[in-house]
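**Student:** These protein sequence lines are chains Z and P, in that order. If you use my numbering, the first sequence corresponds to residues 1 to 172, in order. If you use my numbering, the second sequence corresponds to residues 1 to 285, in order.
Bear in mind the hints are in silico, worked out from the structure with no lab data behind them. Positions of the beta carbon are idealized from the N, C-alpha and C atoms, including for glycine. Keep in mind that the hints are not guaranteed to be accurate.
Unchecked claim - According to the in silico footprint, chain Z covers these stretches of chain P (three or more CB under 8 angstroms from chain Z):
id : region
1  : 13–24
2  : 93–99
3  : 129–138
As the list claims (entries may be wrong) - Covered by chain Z, per the in silico footprint, the following chain P stretches (three or more residues, Cβ under 8 angstroms):
id : region
4  : 169–182
5  : 200–207
Claimed, not checked - Here are the computed lysine-lysine pairs in the DSSO-like style, where the Cα-Cα straight-line distance is at most 30 angstroms:
id : chain 1 : residue 1 : chain 2 : residue 2
6  : Z       : K169      : Z       : K159
7  : Z       : K165      : P       : K12
8  : P       : K244      : P       : K224
9  : P       : K12       : Z       : K49
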Amino acid sequence: MRRFFVYLGVVLLAFLLQNNIFAVSNLIDATPNLLLIITFSFGFIRGQKEGMFIGLFCGLLMDVCFGELVGYYALIYMLIGFVTGTIGQLFYAEFLNMPLLLCVLSDFMYNLYIYVFGFMVHGRMSLSVYFAHVILPEVVYTSVLTLFLYKVFFRLNEKLEELEKRSAKRFV
Amino acid sequence: MKKKPAPEIRPKHIMFLLAAICILLIIMSAMNTNTNNFLRAGFNNTLMPMQKGFNIVGNGIFGRVERLVHLHDVESENERLKEQVAELTEQNTRYQLRLSELTTYQNLLSLSDQYPEYEKVGAHIIGKNSDNWFKTIQVDKGSRDGIAVDMNVIANGGLVGIVTSVTDTTATISTIINDNRNVGAMGLTSKASCIVTGDLTLYENGLLELSKIAKDDAISNDDKIVTSNTSDLYLPGILIGYAKDLTVDSNNLTKSGYLVPAADFSHLDTVLILTTIKETGEPES
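Chain P on its own, in the form it takes in the complex (with noise of 0.2 angstroms):
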């Protein structure tokens, strides 16, 4: 082979290089959540409160025009929740007896509360993934506030998802309808485990996948579907969904169907982070 005499570098190669820069950082924050958070601290600081400028800018403009073109919904909408609040104030004073008496059988038998009331943390959303592929979403809260990665975070009472990268001001959250999210499930009543899997096909009909549920399981359509205790990223006990349209799956073992989040996901606009982390027992790295 000949040496050529110039040293010139040519667009082919500063690709080549690039490429192999880029691949080495997909790389590194695969195998390290740190060195992603490194990369992120630097840029995020300079340009949150740029994009919390132009997110206010952007629901003053845009917020007026849409509660014009949605108007209609909200008034039906209005009609149902109130029919639904008087049903379920009904139902509260009912369950608030029975958790009465509930913690005096607890008492008794001195088991602790196994579902505590978490601590939280409200955030605002001021960005949203633009490719509409992944729906990751960004906050105004980071770990200036005490947001950690992997904290859960939920809105209108609904698991949304999981912190995956925090700076010093922003947090970013991979959403439980994002693709390639997995969350340990179970019935609300039947404590029968199952998983809740997010897919983009189907949450263009608001609905998420639900799988893997013993075929004999007593959960059944409208269950209340919550984390499980044995999840390893989630805290046990918060509201996913409901479930719907149960069938026995072809191997005749399991069941699977569609879940209704309860969270809006379409019309997020703050949540709350829970500041609690869920112990797995494994040490810290």
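If we strip away everything but chain Z, and leave its shape as in the complex, we get (with noise of 0.2 angstroms):
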């Protein structure tokens, strides 16, 4: 129950972040991912189960502020948790540069998934210049971010296991 809680503020405050201040601010070009951060940290850290659901929550909260589809946002972000979980269960966490590779590799999923369901089905063929100015930007801008907040999330998650440790011997 804690750890939902938890959870669930992570997501709304990244969510309120990225959206109310990050994006609406006109200092930055690209807007850096957060929630995907959170969704494939969770994922990779927690498994497959608590990934897809937590993607399911952000994809769920875009869909419903900024999509013009329910479910659009939300079926993407779920499988990100899906697949980062996958990955999860066949390497350690603490694995060398393992955030980073996660972040690159979601983020190009992410992207990739809206350009062939948003844009090339209306016949915007040129990935290339999609690439140069949307995505690459968003995933070098979510790439610093990883490097700083994936290190936040696994402690965050070392201090809930602690705690769900300690509750659970008071109960024995």
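Since each chain comes alone in its own frame, lean on the hints to assemble the complex.
**Tutor:** This is the structure we're talking about:
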């Protein structure tokens, strides 16, 4: 239960930060995708199930506030949570530079999905232009933030696990 | 096939289930916008005060930095605008004279006003879509303030976009710079029809696409382009922008080029929502 509220708080905070502060501000050209960092970080650390549900929630938030179709963002965030959860089963969480690799992988997945279903379907074929102007800046910004945020989420998870262990012992 | 004794639900199965739900939602909201709004309502009402709060805090912090960064640009812009104001005032007086003349003639012919002044509601922008693909914005006025889907939105005298969904207290606006938006338009003076299309790559240079102008139509560079009488979503006579770099297409039948939008999309802060909805003659569903 405690974990649920922590996730809720973290996701809401990230959502508000990225949509209501970063995106509205004219100082930053490309907005980093904080919700994506949360999804793949927890997916990787905590496994497929939690990754999926956190992703689904992040995506639904985006859908509800900005999407024209409900479910469009939810689907890709959920899938990213699942994929990174699967990767998490194969590698150690402390694996060198894993967060960065995950970030690049999931950000490409995310942007490719939006490009294919939002742009390619109505005849915008020049992927290279979109890659240079939209995808790359976002991947760079998000990667830079990942270096810092992944550690924060990793610590947060350790703290939560510690607390869970303690309260589990109390009941024994 | 053997049946497994343990009825354990694997993550893979949950994944497929959730994916199916998402796809179902997409199909449902694509077919009917009402499902869309219904799903949004609960979420948004709790979220809206938080969004507004964050927006105010963010504007407080970033706004100050931004002002310092942009001070130089603003100074030169100010100079330019002053010149423009002088020019426009002069133009305006001329137009007013003509308008009074026109009203007299219209009264004589008992024609009704084709471009009435629309009722407007002002709204603050509280959020923008953070993915760098779609240009949708969220404002702090909703159905409680009389906003409904398909209402037109303007800012700085130019068309900004159209309301795509509303909740009690918020509305989401899809801007015309969005890659999937088309606006039926026409030349202000020539009345020749054309189409304005949003294009993400063009918007990097602050432009939109202007196309489907018949080759011999009298739209030329710098002409004012306004929303068309025949558009089924947009009210007639709203300024969209100015034509630029028109060239004859390779089919030798049509002209196309770019449009410089009248609204400044990168510095949007407040918008006006026109509360009149275009009458298309179709029965209400």
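**Student:** Going through the earlier hints one by one, which of them does the structure break, listed in rising order?
**Tutor:** 2
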